Amino acid sequence: MRFAFNEEQEMLRDAIRVALQREAGLDKIRRWVDAADLSPFDACAVGNAWVGIGVAEELGGQGGGRVEQALMFEELGRAVAPSGVLLAGAGGALGFAVRLPGGAEFLREVLDGEGTGVLCVPAGRPADEGALQVQVAGGRLSGVIPMVLEAPGASHLLVPLPSGDGLDLWLVPDGGSDVDIKPRRMIDRTRRFGDVRLQQAKGIRIGRLDRGAAQDANAVIALLVAAESLGLARRMLDMTVEYVGQRVQFGVPVASFQAVKHAAAEALVDIEAAHSGVYYAAWALQEGQADGVLHAWIAKAFATEAAVRTADRALLLHGAIGYTWEHDLQLFYKRAKLNLELFGSPRSYRERMAEVLALH
Amino acid sequence: MDFRDAAEDAAFRETVRAWLESEVPRLGPAPDKLEERVEWWRPWQRRLYEAGYAGLAWPREYGGRGASVLQQAIFYEECDRAGAPDRLDVIGAGFAGPTLIEHGTAAQKTRFLDRILTGEDLWCQLFSEPGAGSDLAALATRATPDGDGWRIDGQKVWTSAAQVAEYAILLARTGEGERHRGISFFILPMRQPGVDVRPLRQMLGGAEFNEVFLDGAHVPGDLLVGQLGGGWKVAMSTLGYERAAIATGRVNTLRLLDELIALVRDTRGADGLPLGQDAFVRQRLAELYTRMTLQRLTGKRILSTLAEGGAPGPEASTAKLFTTPLVEEICDFALSVIGIEGQEEPADMDPARAKWLRLAYQARGTSIAGGTTFIQRNILAERVLGMPRD
Ligand SMILES: Cc1cc2nc3c(=O)[nH]c(=O)nc-3n(C[C@H](O)[C@H](O)[C@H](O)COP(=O)(O)OP(=O)(O)OC[C@H]3O[C@@H](n4cnc5c(N)ncnc54)[C@H](O)[C@@H]3O)c2cc1C
Numbered sequence: 001m002r003f004a005f006n007e008e009q010e011m012l013r014d015a016i017r018v019a020l021q022r023e024a025g026l027d028k029i030r031r032w033v034d035a036a037d038l039s040p041f042d043a044c045a046v047g048n049a050w051v052g053i054g055v056a057e058e059l060g061g062q063g064g065g066r067v068e069q070a071l072m073f074e075e076l077g078r079a080v081a082p083s084g085v086l087l088a089g090a091g092g093a094l095g096f097a098v099r100l101p102g103g104a105e106f107l108r109e110v111l112d113g114e115g116t117g118v119l120c121v122p123a124g125r126p127a128d129e130g131a132l133q134v135q136v137a138g139g140r141l142s143g144v145i146p147m148v149l150e151a152p153g154a155s156h157l158l159v160p161l162p163s164g165d166g167l168d169l170w171l172v173p174d175g176g177s178d179v180d181i182k183p184r185r186m187i188d189r190t191r192r193f194g195d196v197r198l199q200q201a202k203g204i205r206i207g208r209l210d211r212g213a214a215q216d217a218n219a220v221i222a223l224l225v226a227a228e229s230l231g232l233a234r235r236m237l238d239m240t241v242e243y244v245g246q247r248v249q250f251g252v253p254v255a256s257f258q259a260v261k262h263a264a265a266e267a268l269v270d271i272e273a274a275h276s277g278v279y280y281a282a283w284a285l286q287e288g289q290a291d292g293v294l295h296a297w298i299a300k301a302f303a304t305e306a307a308v309r310t311a312d313r314a315l316l317l318h319g320a321i322g323y324t325w326e327h328d329l330q331l332f333y334k335r336a337k338l339n340l341e342l343f344g345s346p347r348s349y350r351e352r353m354a355e356v357l358a359l360h
Numbered sequence: 001m002d003f004r005d006a007a008e009d010a011a012f013r014e015t016v017r018a019w020l021e022s023e024v025p026r027l028g029p030a031p032d033k034l035e036e037r038v039e040w041w042r043p044w045q046r047r048l049y050e051a052g053y054a055g056l057a058w059p060r061e062y063g064g065r066g067a068s069v070l071q072q073a074i075f076y077e078e079c080d081r082a083g084a085p086d087r088l089d090v091i092g093a094g095f096a097g098p099t100l101i102e103h104g105t106a107a108q109k110t111r112f113l114d115r116i117l118t119g120e121d122l123w124c125q126l127f128s129e130p131g132a133g134s135d136l137a138a139l140a141t142r143a144t145p146d147g148d149g150w151r152i153d154g155q156k157v158w159t160s161a162a163q164v165a166e167y168a169i170l171l172a173r174t175g176e177g178e179r180h181r182g183i184s185f186f187i188l189p190m191r192q193p194g195v196d197v198r199p200l201r202q203m204l205g206g207a208e209f210n211e212v213f214l215d216g217a218h219v220p221g222d223l224l225v226g227q228l229g230g231g232w233k234v235a236m237s238t239l240g241y242e243r244a245a246i247a248t249g250r251v252n253t254l255r256l257l258d259e260l261i262a263l264v265r266d267t268r269g270a271d272g273l274p275l276g277q278d279a280f281v282r283q284r285l286a287e288l289y290t291r292m293t294l295q296r297l298t299g300k301r302i303l304s305t306l307a308e309g310g311a312p313g314p315e316a317s318t319a320k321l322f323t324t325p326l327v328e329e330i331c332d333f334a335l336s337v338i339g340i341e342g343q344e345e346p347a348d349m350d351p352a353r354a355k356w357l358r359l360a361y362q363a364r365g366t367s368i369a370g371g372t373t374f375i376q377r378n379i380l381a382e383r384v385l386g387m388p389r390d
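Going down the list, the sequences are from chains R and S. So the first sequence is residues 1 to 360, counted in our numbering. So the second sequence is residues 1 to 390, counted in our numbering.
Excised from the complex, chain R in its bound form (with noise of 0.2 Å):
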C-alpha cells in the first residue's frame, strides 16, 4: 500500500501549477470575466494540452489517468480558473464517449481537433440520469437541457436520453437553426451555462451505455468537481492564514487569537479528510475497484461541502475586506458554493450511498 503520490505525478502537478500562475492568474481571470469571455483560458487548456490528461495515448491524449485528472482538477480549483471547457469536454462528453467501442476515435474524428463537444445534460443533477426533458423521434431529438455548462461556444453536443436501465448517446452539431443556446449568467462568472433547446434537432445515436457504465462516467464528472473544490479549499485555507498572519487588531496579528487558530485549524481537518476521499477515489476508479463509484460519490459530498464551509470561515476570518469585490476570496468562494451543486449536490449522492448500504 501506498497512498502518496509519485515523483511523475508531482512534477505533473508543478507543471500545471507554474502553467496556471503564468497564464492564468487572478489578474488575468478578472479581466476575463470583466469582458465576459472566457475563451482565452480554452486557448490555454489547449496549449498546454490539459485536454487530453487522463486521455489515452492511443486517443491522442496525454496519458495518466484518474490521479492526473484529479491532480489537475485540484490546481484548476487553486487557482479558480475557468475550467468548464475541461469538465464539460474532456471529463464529461469524451468521459462518457470513451465508454463506447470507437466512441472516443468517432468524437475525435468529428471534432477534427477543432470544436468542443460538450456533454449536453442539467448541470443540477448527476450527469448518468441523463438528458430527462427529451424525445427522439426518427433520428431528430426535441425538448429542452437547462443550464448545459458550457453550452454556448459548444460545437457538438452529446446527448445522453435515458432509455431502459442505460442511456443512449446522441451526438448533435451545433449551429443549425434547430439548437437554440441561450446563455445563463451564474454569480460565479468563470463558469457559462446556458440552456439548451432541441427543436427536431438532427443528431446521430453513436451507442449507448449501460447502468453501470453510465454510473462510472458520471462518478468520474463527480471526482473531478469534487477535486476541484479541494483545490478551492486549499487556496482560501492559503490565503487566510497569510492574512491573518498580517492583519493587526489589539497590537498582535490577529492569527494569535484562538478562536481565529481554531477556525483554520478545522479548516484543514475538513481538507485533509477530502484530499484522502479525492484520492481513493481517484485510484479506485482507475483501477476499475468495485467500490470507485462509492467513493467518487463520498468525496463530491464531502470535498464540495467541506470547500464550502472553509470558504465562510475565510471569510470570517478575512472580516470586511473578504466581503468585496476587489478581493479575490470571493471569485473562490462563489465557485465552491456552485460546485455544491455542480453534476449533483451532496443530498443526492448521499441519497445514492443510503441505497447502497441496504438500510432496509
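Everything labelled a hint here was simulated from the structure, so no lab data went into it. Nothing here was measured: the structure is a model prediction, and the numbers come from that model. Take these hints with a grain of salt, some might be off.
[As the list claims (entries may be wrong)] Simulated crosslink set (DMTMM-like; lysine to aspartate or glutamate; CA at most 25 Å straight-line):
#	chain 1	residue 1	chain 2	residue 2
1	R	K28	S	E345
2	R	K28	R	D14
3	S	K355	R	D195
Got chain R; can you put chain S with the ligand on it based on the hints?
Just chain S with the ligand now, with coordinates in the frame of chain R:
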C-alpha cells in the same frame, strides 16, 4: 407571564394592520439600486410619519409618539406581515437616534430627531477604519479644535449608506495616545467639501458600503455628543442598539420560514414526490422552525425587559449569535431546494428566488458587521460569564 397583547396593544395591532393593508398595496416595486430605492422609500416614510407610525417609542417632544417599545415591536411585526418596505433608515432610526436620545443635548435632539423620522435625513456610521475593525479603539481619525468647532482628518471604511447620508455619527480622536479615553463622538454633516465618499463594491456586486476620506472636514462646536473624550461610552451604547436591531428584527425569520415552507410545498424531489414528504427535508424544516421560534421568543423577552425600563440581560448578548447563523442556514437551505438555478446572477432570477441569494450573502456580512461572531463570543464570555480577558 402573559404572552397575549394587552387590550390597548391588541387594538393598536388591529388599527395598524388595517392601515397597512390599505397603504402597502399602493406601492410599486422597490428599485435595486440604493440611491433609487431611497427616493422610492422617502414618500413612504413620510406617510408613516404623518400617520403617526414613525418613532413610536421616541419621546413626543422630538417627533415621536411616546408609545411603548412593545407597540413599536407590534408595528414592525405588522409591517413584515404586510410586506411593507424594508427600513432604509436603520442607522438613523435604529442606532443614531436612540444614541442621541440617550446622550445628545436638547438642541441636538430638537434639530435631528424629527428629520430622521420624516425620512428627510438618512444617517451613516463612521466608526471603522482600515486599522480599526474589531479593535475599534485603535482608530486614528483626528479631531483638532478649529475655530468654534473641530477639523476632522482621517479615513473611514466599510461605511454603509454613506453615499445617501446627510449626517454621520463619527468617532475621532481628541486626546493624546490613550486608547479608549482619547475618543470623542461627533455628528458630522456629510455634504461638505472635506468629505469624500468612494463606493466599494461588495462581493455580490452592489456598492452599498464606502470608503470615506475626511480631509479637513468641519464639525461645528455644538455637534459633540457626550463629553469631550467620553466618546467610547457613547459608542458602546450605539453598538448595543446595533446588536439589538440585528437580533430583534432586521430580518424577520418568521416570514422567512413561511416563505421557505411555501418553496418546499411548490417543489418536487428528484423522485417526483412532493419534497415535503422527504424525511430529511421534514426534519431540517422542523429544526429551523424550532430555532426561529426560540429566536423570536428571545426577542420578545428582550422587548419585555426594555418595556419595563430594564437593562437588557444576558439573552440580549446571545441574540445576535443565535440569529445570524439561523438566517444563513434558512437561506442556504432554500438555495439547496432551488438547486443550481439558485446560483444564477440575481438580476436574471425571479425576484422571489434572488431574495434568498441576496439574503444569504447579506447574512455573511451581518456576521462580520457590528462586531464579528468571534468578538461577540468574547463579549459573552468576558462580560456575561465573567471569564478573564485573553
Ligand atoms: C456589510 C458590512 C457593513 C458594515 N457597515 C459598517 C458601517 O456602516 N460603519 C462602520 O463603522 N463599520 C461598518 N462595517 C465594519 C465592521 O464593523 C467591521 O468589519 C468589523 O468590526 C470587523 O472588523 P474588520 O473587518 O477590520 O475585521 P478584523 O478586525 O480585521 O478581523 C479579522 C478576523 O480576526 C478576528 N478577530 C479580531 N480580533 C479578535 C479577537 N480579539 N479575538 C478573536 N478573533 C478576533 C475577527 O473575528 C475576524 O475573523 C461593516 C462591515 C460589513 C461586513
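Comparing the hints with the structure gives:
{"no.": "1", "hint": "K28(R) to E345(S)", "result": "holds (21 Å)"}
{"no.": "2", "hint": "K28(R) to D14(R)", "result": "holds (20 Å)"}
{"no.": "3", "hint": "K355(S) to D195(R)", "result": "holds (22 Å)"}
Of the hints listed earlier, there is not a single one the structure fails to meet.
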